[in-house]
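> So the chains spell out like this:
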Amino acid sequence: MGFSLLPKETNLFILFGKQAQFAVDAAMLFAGLTRKGNFNTDTVQKMHDIEHQADEICHEIIEKLNKTYITPFDREDIHRLATELDSVTDMIYTISRRMMVYKINDIDADLIDFSSVIEKSVRALACAINGLSDSKRPQTTLNACIEVNRLENIGDTMRDAILAKLFETIHDPIFLIKWKEIYLFAETVLDICEDVAHVVETIIVKQA
Amino acid sequence: MGFSLLPKETNLFILFGKQAQFAVDAAMLFAGLTRKGNFNTDTVQKMHDIEHQADEICHEIIEKLNKTYITPFDREDIHRLATELDSVTDMIYTISRRMMVYKINDIDADLIDFSSVIEKSVRALACAINGLSDSKRPQTTLNACIEVNRLENIGDTMRDAILAKLFETIHDPIFLIKWKEIYLFAETVLDICEDVAHVVETIIVKQA
Amino acid sequence: MGFSLLPKETNLFILFGKQAQFAVDAAMLFAGLTRKGNFNTDTVQKMHDIEHQADEICHEIIEKLNKTYITPFDREDIHRLATELDSVTDMIYTISRRMMVYKINDIDADLIDFSSVIEKSVRALACAINGLSDSKRPQTTLNACIEVNRLENIGDTMRDAILAKLFETIHDPIFLIKWKEIYLFAETVLDICEDVAHVVETIIVKQA
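Chains as they are written, first to last, in the numbering used here: chain A, 1 to 208; chain B, 1 to 208; chain C, 1 to 208.
Just chain A, same shape as in the assembly:
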């Protein structure tokens, strides 16, 4: 089995960059659909295309990992990074599908705000991941990770405030069942972003 170290490393960083970009694409599309109240077969199909391409990259990374002896950082960190980052895009796709299944196409100010936090978090995450290839500027990467953690806390507080408002003002239980789940999923996106940021921090700390 012949291989050259540098190209493979480069390759891995390019793949992670692509995977992060698909997560950004998904977050942008989700924020756009939320602003327009436009979750239908066509738009969710677009989300599915993004999710599918992200999935292919994830498999490519793991296959490469399984066939490579020397890796730029710990194997288990590469594995976790690829699978958790994949979960970000997956979860955004899952919310979009559920919005369609529940036929929720009201334009909702709270969900617009929340989708904007998700987009910011995924963009910060992409910045952190792209920073991994430049080991000379770890601080930029770490700052992006801190931003992801900050946005997760903001999301927690927003979700609690939104849930409290929903349960105080809405008396239609079916409406509550649907929205409670949408916000559960939305908050889960931020949780997974935070998990990915932790993996990135771990990689940086090990390299220090």
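What the hints contain is simulated information worked out from the structure, not anything from laboratory work. Treat the hints with care, as some may be off.
[Said to hold, decoys possible] Residues on chain B that point at chain C, a partial pick, calculated with CB under 10 Å:
(1) 62
(2) 63
(3) 67
(4) 97
(5) 103
(6) 172
(7) 174
(8) 176
Beta carbons are placed, not taken as given, at the ideal position from N, Cα and C, and that holds for glycine.
Position chains B and C relative to chain A; hints supplied.
Just chains B and C now, with coordinates in the frame of chain A:
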């Protein structure tokens, strides 16, 4: 600590085979109880017995793993395979208990269909796991993994269609609360099967 | 990078001891708030303080782990122990927040009983974790792990009985939505405790 490599390996494959068979037994029992609408203390106790035996095998595998220096494939893959496979049986037991707790004994065509997808997925998974001991025919194993992935996609689509139908036609929120959870759990079984299939694929790729 | 093995090991056990104590503090506070029906901004802030301190210790352990070459037990077991133990405190904090968000301040006998099982489980877990530093008495540690497993089974049975009672006697779906989630979270605490106990058992078995 004396040990012989071959018997231990053989042993491990036998244990995984048994563990997979318990998952098949659980999936078959679940499909049967669904067809008869028959989740009660006695039948759920039968499911518990299967879950308990599967659990014992899982512990046996992990104990063996912790005491063995040389393993037929990567330690973390063995650990993940055993624990995730255990989760398949666990989750089928969990749904069965919940059906009893919610006193759902209507015969429901959608759940019968879904339980049949679960049974097919678990059978394909068992086929993949049994194939691990025969390193000369990796394609058969990989095909079984592809089948598990295919069934997970089918399950996703079915679950969305069923949820959409439930929320359109049912106006009793308590009924919706119960069934939404049952299908969440049912879909989770297929998700975990897919996770197990990914571990099997990883093992095959590493051996290539 | 200079370091002395023993102080670092000692240090790690002290950190795990502190982390376990924060989990006990959280479980005690939760049981107390349940008995008084007193989940409000002030009391949940107290829970947040505990959660935050536990989080800091978790980060300290992982940072130490990432910078240390020799560890008293397997790196991945230390990592899992720290993160899963952190999840125990996190989840108790999450339930407390949700009780406040849902404005549930009824004194409920079932939740008092359940919170007492949680407290017992977390105390047994702390006992198991503290036992890790004393490799001469593994049986005490293992017995504590068995107790955690036993309490998880008790919790499962209690949760099923409580859910069955709720769905039989309560006809307000919004009430059911809230309480179903509280008990889901409560049972999850016991599940995570069991996961932590499994990590402890793994460590003991490997040392045998």
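> Against chain C, with CB atoms and a cut of 10 Å, does the hint on residue 172 of chain B hold up?
Since chain C brings a Cβ to about 8 Å from residue 172 of chain B, closer than 10 Å, the hint holds.
> Does residue 176 of chain B hold up as a contact with chain C if the rule is Cβ-Cβ below 10 Å?
Constraint on residue 176 of chain B satisfied, holds at 8 Å.
> Please verify that hint: residue 62 of chain B, Cβ, nearest Cβ of chain C, below 10 Å or not.
Holds: closest Cβ of chain C sits about 7 Å from residue 62 of chain B, inside 10 Å.
> Hint residue 174 of chain B vs chain C: min CB-CB distance below 10 Å?
OK, holds: residue 174 of chain B within 10 Å of chain C, min 5 Å.
> Going by Cβ atoms only, is residue 67 of chain B closer than 10 Å to chain C?
holds, 7 Å
> Hint check: is the beta carbon of residue 103 of chain B less than 10 Å from a beta carbon of chain C?
Holds - the Cβ of residue 103 of chain B comes within 10 Å of chain C, reaching about 8 Å at its closest.
> A closest beta-carbon separation below 10 Å is what the hint needs, so does residue 97 of chain B meet it against chain C?
holds, 6 Å
> How about residue 63 of chain B: closest beta carbon in chain C under 10 Å, or not?
holds, 6 Å
Of the numbered hints stated above, none is contradicted by the structure.
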